[in-house]
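Q: When you get a sec, could you build the whole thing from the sequences and use the hints?
What follows is the residue order along each chain.
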Amino acid sequence: MNLDDALQTFIAESRELLEEMENALLNVDLAGDQGEAINAIFRAAHTIKGSAGLFSLDHIVAFTHVVESLLDKVRDGSVTLNDEMVVLLLSCCDYLSGMMNGLAAGQHEQDPDTAPEGEMLQQQLRRHMDGEAAPAAVPVLHAVAEPSVERIDAERGDSDYWHISLRFGRVVLQNGMDPIAFLRYLAKLGRIVGIATVPDALPPADEMDAELCYLGFEIAFDSTADREAIAGVFEFVQEDCEIRIIPPHSKVSEYVALIRALPEQRARLGEILVRCGSVTQQELDGALQQQSHKEEDVPQQQLGSILVGAGNVPPVVVEAALAKQKQVSEQKAQESRSIRVDSDKLDKLIDLVGELIIAGARANMIGQHIQNSELLECTSTLTGLVEDVRDAALELRMVKIGATFNRFQRVVHDVARELGKDIGLIVDGEDSELDKTVVEKIGDPLMHLVRNAMDHGIEPAEVRVAAGKPAKGMIKLNAFHESGSIVIEVCDDGGGLRKEKILAKAVERGLVDPERKLSDSEIYNLIFEAGFSTAEKITNLSGRGVGMDVVKRNIQALRGSVDVGSKEGQGTTVTVRLPLTLAIIDGFLVQVGSSVFVIPLDMIEECIEYATEPGQDYTNLRGQVLPLVRLRELFRVGGAATRRESIVVLKFGNQRAGLVVDTLLGEFQTVIKPLSPIFSEVKCISGSTILGSGEVALILDVAALMNTVGGKGAVALAA
Amino acid sequence: MADDINRISLDGELTIYHAADLKTRVLEALRKARVLEIDLSGVTELDTAGLQVLMLAKQTAAAEQRELRLLQHSPAVVEIFEMLDLGAFFGDAVLIHA
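Chains as they are written, first to last, in the numbering used here: chain A, 1 to 719; chain B, 1001 to 1098.
Treat the hints as calculated values from the structure; they're not laboratory data. Using N, Cα and C, we set each Cβ at its ideal position, and we do this for glycine too. All the given hints hold, so there is nothing to weed out.
Partial selection, computed: residues in chain B whose CB lies under 10 Å from chain A: (1) 1024; (2) 1047; (3) 1050; (4) 1055.
So the derived label-pair ranges between C-beta atoms look like this: (5) A:188 <-> B:1013: 19 to 27 Å; (6) B:1013 <-> A:244: 29 to 37 Å; (7) B:1013 <-> A:109: 51 to 59 Å.
A: Put into structure tokens, the structure is as follows:
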């Protein structure tokens, strides 16, 4: 296997994992199902470390190792995840992403510029690991977390000793290992303070095989050795042996977790732990009692089997934990069902499908020409199949927008912190799918919109409270499909846009004529003009007047459009409308003179017969005014109009307009070929395609067409 | 059942190599009388397998309302019992070797 390829895979995979890690981190405090999130975070760090090791990327291994160690402690409950740690781990994610980027750029060693940052992060990680993180100012965020363990976490056991729990596998004796020998060796690393030999697994005398090992040990161990050294003692048997090591000063909950994990009767184990001195009776009692209290509102019988003397853990907790584990493994199984394909290969496939469609169209045309009914039948079947192949191929490129949306959890989290505002993010419609290219390109514009909404949209908490709104601001990202496009909305529940201010500013900047009467929507959309910003305060986030116009341009480059609506005092909604795919569309052919044009079929509402008073640029469509665009005039196509012109009624967003054409030619699968850069300034044309006859047809840019009628008073549908 | 005492003595290595024999021997002896006394003075080595047999015997005795007494622990036995804190499990007086 080519190592370079493998490295690329590693980088791609790591980036995904880091993304997952980030999401999990951000969800920890939101959802409250800590266990799963922590596992996801741990898995990510662990996998990156493992893979980095394969490539001898020592700096990554070293760093992730520290991250992993801390996460391990979080996972086994000896360190509690708090807000500060989430922030720290997020920084670690960033740092790792940085390293991945460096790696992608060919840097296989530690970058000396970022090394100090890495050092600092590692130090902080270690500090948390020792459990010495200053908890004073940090609000503990996991109040809603899983009810089983968390509250006792706060209590630290007094034990200065390691606790080692050993359950030797049945076959160790047959393998020539003697558990006692390991214990002797262990004793060289420190002092065995207390030990309890657990014979509970011994079967009745007649069933017992003297050559199998049934014993287990619970050991309190005083040593300065680290976890690895201690685990190293049991290296030779670790495969067929259950070893659990709890470090000194661990929280009582860890022992409770241990009790829960071991096969013996819990009552026995409680006693055993107390006996070998790892945990005192009071601690255990206290911990378990608290736990019981906490769960009192849960059905009573769960508390039924409280440990004799030492207390017990409600079985329901164990069940819950098991259910959770199962969930995680199922999820994992699902992940592995997908394969990774180079996007270039997909592009190639789409290209080929495009050619296939053109060739199919040609065959179809010839069939019609020679009027061979068998050939026609055959081509019609072929066309159907090609259409299916096209859809399937395009589907391959479709990705859910959820991943993009989830990235914003982090953005909102960070920016809210930076701004000192309390802002939450609601995400809706994550399952809406759209083309991968579109997804990639929409990230930046969306980022800008979200930041903007947070910075300018959401007011400071005092203002919000004064206005009778909840102090916590909300940003909402919503995605849904609508007539062949995907619509993404960025809403905030902030102060809304102020018309007068925008208008005044626009006039001041000379963007509009002060005499002109503008509709609300026109005023709002002024914010997308270049050099526009109404924020009094310039922050480093937004407000420098660059941005919104760039957003608009980027979205237009994707054949999309952007619109803004607002209610003063209630918030602003920015609506981004994007085509689902950039490659192939269902088109509708129309003819004007000798030119053929393609209109995206999704934009067409209906076709009607042309009828209007001479000289009017509108018609009456069932009692509503429908502005008309005469393609012949727009594109200065020569020749006289045919006797029976038609109107194609287009709908784009909440606008309607009629397109006056000579002839309707019918549906056509359109492979979009971009226009060469020379024509990039041509308005109202978004691309070209090749017809079956080999002729070129231009694809109409409906959004731009709408703009040409917009000035003439296009009818907005009842908004 | 007569209140008789059966007494056996074990010596040499109580290890995995003899564990199966040891088990049969001890259990047979145990079931012969209500009380079994095992003299351990000749034991030169005790490993996990040997220890397990002794623990099994102790548990079986308890389950069958018999009594197992270990006597004359040899230094090898004492070392293991102390290391694993098994004094309480067997409940016998252990002779401290000087």
